[in-house]
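Protein chains in written order, with this note's numbering: chain Y, -6 to 247; chain B, 194 to 854; chain F, 52 to 372.
Be aware that one or more of the hints could be misleading.
[To be verified] Derived EDC-like pairs (lysine to aspartate or glutamate); straight-line CA-CA distance at most 20 angstroms:
| # | chain 1 | residue 1 | chain 2 | residue 2 |
| --- | --- | --- | --- | --- |
| 1 | F | 236 | Y | 218 |
| 2 | F | 186 | Y | 30 |
| 3 | Y | 185 | B | 675 |
| 4 | F | 186 | Y | 9 |
| 5 | F | 186 | Y | 229 |
| 6 | F | 370 | Y | 239 |
| 7 | B | 833 | Y | 229 |
Hints listed in this document are in silico derivations from the structure and should not be mistaken for laboratory results.
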Amino acid sequence: MNIVVPIKIVPDLVEELAIDASGAALDNSWLRLIINEFDDHAMEQAILLKEQAGGQVTVIALSAEGVDDILFTAAAKGIDRLIKLETEEAAALNNHALARALAEVIADLKPDLILTGVQAHNDLDGSVGPLLAELLGMPYVGYIAGVKVSGDGALARKEYPGGLVAELLVQLPAVLGIQAAEKPPRYVAVSKVRQAMQTAKIDARPCPTLDPAGGLAPLRLYQPEPAERATMLEGDVEAVSAKIVELLKNAGVM
Amino acid sequence: MPFRETFWNIPHWAEIAQYVLAVVTMVVFAYGVFRRFRRWRMGQPERIHKAYGRRLRDVVADVVLQLRTAREAYPGLMHLALFWGMVALAIGTALATVDWDVTRLFFDFQFLVGMPYLLFELLLDLLGLGALVGLALAAYRRYVLRPARLQAEPARRTRWDDGYVLILLMLIVITGYLVEGLRLAVVRPDWATWSPVGNLVAMALSSVAEPTDRTLHVGLWAVHGLAAFGLLASMPYTKLFHILAAPLNIFYGRSQTPGTLAARPTGAPAGVSGWRDFTWKQILDFEACIRCGRCQDQCPAHASGLKLSPRDIMIKLDAHLWEPANGRKLHGDVITADELWACTSCLACVRACPVYNDQLRAIVDMRRHLVLEGSMDTRLQDALANLGRYGNSFGQSERARAKWTQSIEPKVKDARREPVEYLWFVGDYASYNPILAGITQKTLEVLRHAGLDFGILYDGERNSGNDARRAGEEGLFEMLRDKNLATLSKCQYQAILTSDPHTYNALKNEYGPELAKGRPILHISELLDQLVASGKLGLSRKLGATVTYHDPCYLGRYNGIYDAPRRLIRATGCELQEMPRHADRSFCCGAGGGRIWMDEGEVKERPSESRIREATGLAGVQRFVVACPKDVTMYQDALKTTGQESRLVVQDIVELVHEAL
Amino acid sequence: MSQDIFVVVEHLRGEVAEITYVMLGMGRTLAEGTGGKVVAVLLGQNATGLASDLSADQALYVEHPSLAEFTPDAYSAALAAVIADAKPRAVLLGSTSIGSDVASVLSARLKLPMISSCRTAGRDGTLQCQICGGKIMAEARLPDSTALVTVIPGGHPADAGRSTQPAAVTAFAPPELSQLRVSLKQYIEPEAGDVDIAKEPVLVSIGRGIQTGDNVELAEELAKALGGVVCGSRPVVDQGWLPASRLVGKSGKRVKPKLYLAVGVSGAPEHMEAVTDSQLILAINTDAAAPIFGLAKYGTTLDLFDLVPALTSAIQQAKAA
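Could you build all of it, start to finish, from the sequences and the hints given here?
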């Protein structure tokens, strides 16, 4: 089975985010870029499917700072093929442009199944999965936590709020938006990644032209006003406990 | 003229038979040794560093004097008595053989004559008695006292050999005295009193029966001979093999300082997945183990109720070496992941082992395999991933590492930008953990008060990798080490200073000689001790508190630093009371080896809680002084969970010094 | 193109989702600016009853057996037909397991601009969207042509979307809905929890700060003392320390207790959006910068391992007195 996992490289929220001089984009200089957590799950799900039923998994990413490390880590986990699309404008992309570029590349790969993260935290114009699906003429289902592939297609478990799950049968080829892999993404030892750097090859290609039409460009970005912060209770453990008991009494909870 | 009639009453055929038996025994013995030796060679290669002087000193200390064994009085006395007794008897027999069948036959003289002979007889009789006493002590201990560490061993092929060896040795010694007694009773030489025990036996036998039963003498002599040959022949097939393996293991003992964890040999698999992935030296470890159980007694994980026992690991691995090839798997069947992950890398087992085994190395080598397989609990996984991505286990940005310095005036020097005398490697916990912020601040104040020129690496610093290495992630350790070395290589400094013993160990022992280049690497307690002693740091107040000091594993056992912190504590005017488990017997807090990043598991009593109990057992002790940031967090938690917060206070040694300024 | 604001009604097994009412409220605000109508778009089978409390000027109802349960393929086809026909000013969909599956598909299929995660809309057509885990807001403006907007809760109250007057329901002929590539096989019920946290008046919520499963006990003691129940955020449920029925958040339950006591919860947006209806929120977290303090009324940075046991006994004593 031929699985393709397009991944998005996004800013790490551990760092402080700043807005650049134009006011309409994030300041790149301090950003640390990491793999989108949901794409990590998609990759794990793809590897699990390959381990169960055989096949080949390809990961595609756009060039960005640190993307080589991410791709070699993927290879160390068991990804067979690494494709990097070279472009200078990765930072300025929106999902529509990304989806169009991916669609052009993926169409040639003729995958049976495309797994990608259901969303990324910096999505502003929808998510890559469904856009890609429509461009490729494939069906899409998102919020998937569990996939089984059989002759009839992919049996996907879709998560709804409250813990409800729907089992849907999807005809292949299809795109699935992964919320969680059946197992948490595996750890891969640094020595294995180092090994992968020697043995794995990244297929670097020029990125097809990027067309962002379809995404509403923001007028400006800003940091939300810190909401009215909570009134902090001071004192030691006894004092604060007493204050809380008072508050609860006043609120009619006790 | 006193001499020894070696084959008195022994018929000629028996004499010949004895020599034939001796040859057979040698063959059986040699084959047994060869078998073992061949098995060692099935392991991976390992180069032994020369250091012959130190090795010979170790042999004297722990083979001849058996100092580690003698650390505990009862088993120490027991083993020294029976060992030296048996050695003496064996040498005696060898000398007698040479005297009778070599020098007499071929060179026409005997040396066991006259005074040398008399002394020979006396010495052998007394030492033989010592052996008997030792054997009696051993039997009493094993079968009556039944100490915990000799119980519940995992299955092995030759379980019977504990009793076998005791019985056989006793048989040899007792029949030896009987034979001697019988001979003396009949021959009645004038010098009989030079064999006091034999003489007593002779007198006893005479009073009981007519001792001239020559058949009895031959019979007992035969039994004695058979038993002795049996012992020798069975040596490589039973626990007696430790007579060869243990001295060998001690001689080939640790190549490097205790603080250095051995890397896998180049070319060998990066983690141990089958027993043949161990090096020959490690396989020798398993074979040298005599199952004394001291390591188990010292192990904090075992004491807390977890499934790990270093003794059992050694026993199981040794048994596994001999299993058929398509039998059980090393991981899962023989050794479980739970056992491996329970280890805190405190080195107590290694320090206690009388035959110089390195149980920790075996455990880490197997952990290395688990890490390569990615099989570990999610908390550890997250911690390692954070270390790889952010250089600290907290998952916080490396840019936040020096946040604690933001409000400090004047600014702390940036050692990357300007030369400093002391490069202060702060460490993760001191930088990121809010509970320790106060101590980090006080450390700074003490350094400033002493007028030291120091700087930090700000966000160029990374976790030293010490614990990642012991968790089995060697690649991650190398990556962190290389990053730190690169940063340090661009700095100019005279000495490196750290307040974290784990960091200290890595920098001193595992970062390679290029780092030190003659520059000292100091733990803060060492530095402060030096400054106080030289008068550069004055302590104006005498605290007058009664304290106890917990030796951190990585400062004490790993690096031998016991005295400097104690001098420092006394210099602050505190009275120091030692806990029973102190210095190299210090009891680990349970956080090392990556344990602080793992799920705790099913513990009956946390090691840190056991330690607090030990401290509160010292009446009058008010403060529990530590010298490691992980100890601070672990023991503060333990005070809460044991409800002892009003009884004791946990203080870092720097806080003590700060108070005494 | 009309100036109407279309709102796609999200419903699951006979119940209209809360997000629908939020969107209707937002739609009303936008419509006041554009001058158009608020039109609820309802897809289903025998589902007209669901339109009974929607605050809309009109309800467009598309009935087809294939729309009885949500599948992305069928919904996308039906909505595409509706939008192509009506050409509204804007279409609001939930940023949810239902809305997100179709919104981007529609954008690509109909070549319509879209923007997601919109929290608040203004009468002037400005849209405030939340990204990067709530750390960054993006402001955009509704374009002059048909646009798609996915909506997150928090900016518009759900009550503004409810009405006692049912909107006029107009039927819309469904397009050809054969050749669907996604079919629903079955629903899998969540494990019946012993409690429904959405109905509990007192909740003690735990997050990653609790560190290990063994410490859940601390929270349970506190909950017991208060006469409440323990719930938690996603990390806690993912680790298995609490069953899925106790999950509070976007993929869990929305709660509206009198007291929500957050212990060791950092306050990620997906969690907080499900808690906003609580009457009183108190937060215990050693990190003074934790986002939960932006939502809580009172807070403390004391260590939960110190405070929770002490608080439990203080409450027990107060109740005994």
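Okay, the hints, checked on the actual structure:
1. Restraint check: the Cα-Cα separation between residue 236 of chain F and residue 218 of chain Y comes to about 46 angstroms, which exceeds 20 angstroms; the hinted pair is violated.
2. About 17 angstroms separates the Cα atoms of residue 186 of chain F and residue 30 of chain Y, which keeps this hinted pair within 20 angstroms; it holds.
3. Straight-line distance between C-alpha atoms of residue 185 of chain Y and residue 675 of chain B comes to about 17 angstroms, which keeps the hinted pair within the 20 angstroms bound.
4. In summary, the hint linking residue 186 of chain F to residue 9 of chain Y is supported, as the alpha carbons are separated by about 9 angstroms, within the 20 angstroms threshold.
5. At most 20 angstroms may separate the alpha-carbon atoms for a hinted pair to count; residue 186 of chain F and residue 229 of chain Y exceed this at roughly 32 angstroms.
6. Distance check on the hinted pair: residue 370 of chain F and residue 239 of chain Y sit about 12 angstroms apart at the alpha-carbon level, within 20 angstroms; holds.
7. Taken as a hint, the residue 833 of chain B and residue 229 of chain Y pair is honoured in the structure, with Cα atoms around 15 angstroms apart against an allowance of 20 angstroms.
When the structure is compared with the earlier hints, violations turn up for hints 1 and 5 and for no others.
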